[in-house]
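2 protein chains.
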Amino acid sequence: MAYVLQIDFKMLGPFGDEMAEAFSDLAKSINEEEGFMWKIWTESPETNEAGGIYIFETKETAEKYLDMHSKRLAGFGITDINVKIFAINEQLTKITHGPLN
Amino acid sequence: MAYVLQIDFKMLGPFGDEMAEAFSDLAKSINEEEGFMWKIWTESPETNEAGGIYIFETKETAEKYLDMHSKRLAGFGITDINVKIFAINEQLTKITHGPLN
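In order, the protein sequence lines correspond to chains F and C.
So that you can map any letter, position 91 of the first sequence is 90 in numbering that gives the first Met the number 0, and since no number is skipped, the others follow by simple counting.
So that you can map any letter, position 5 of the second sequence is 4 in numbering that gives the first Met the number 0, and since no number is skipped, the others follow by simple counting.
The set of hints was computed from the structure by calculation and includes no laboratory data.
Being a predicted model, the structure only gives us computed values, none of them experimental.
Hints may contain errors.
No copy is singled out in the list; a pair is fine if it fits within one copy or between any two copies.
Unchecked claim - Within a straight-line C-alpha distance of at most 30 Å, the following computed DSS-like cross-link-like pairs (lysine-lysine) qualify:
id, residue 1, residue 2
1, K27, K9
2, K93, K9
3, K70, K93
4, K63, K27
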């Protein structure tokens, strides 16, 4: 059963095209993580926040990624992160066209 | 440009199949909301939390839905919600296969 990992944190930038350029290699590497299905990259230049919505195949792979990613963020000086891991109600998600494949 | 609305809150249930049964009509109605693209329904029976990850076509339609939905949640007795609206970095999201269509 798929799980959601939602993360956000304060970040002073870069955003937009500069963010895409800075993190494109990182993005490619995320595709190789165990259990990874997809990620939507979130950003809010107005409030200096960024983050991501990830889907992993299992709770264990979501937790393993979070552990690694938390350390990576700390390496960027980002330590105060909001994070939740959730199960997915698949029946309701199917009704509202949530993409899980 | 699409926007993410992420919401979560404390909830004592129902979860799983009972949640799906309780909220299936609500789920169908969400499909009719202005600018709505999709929603993943999140739940965590272990921590008594639930919520959703939504994609809306614009920031304005996300904000409009949030305003309505906050009042609806308050009607269920849920007033302490964590909520963020984010823009999406489409270039990075494309690399990591984030589904925006």
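_Numbers of the earlier hints that this structure fails to satisfy, in rising order_ = Hint check: nothing fails, all pass.
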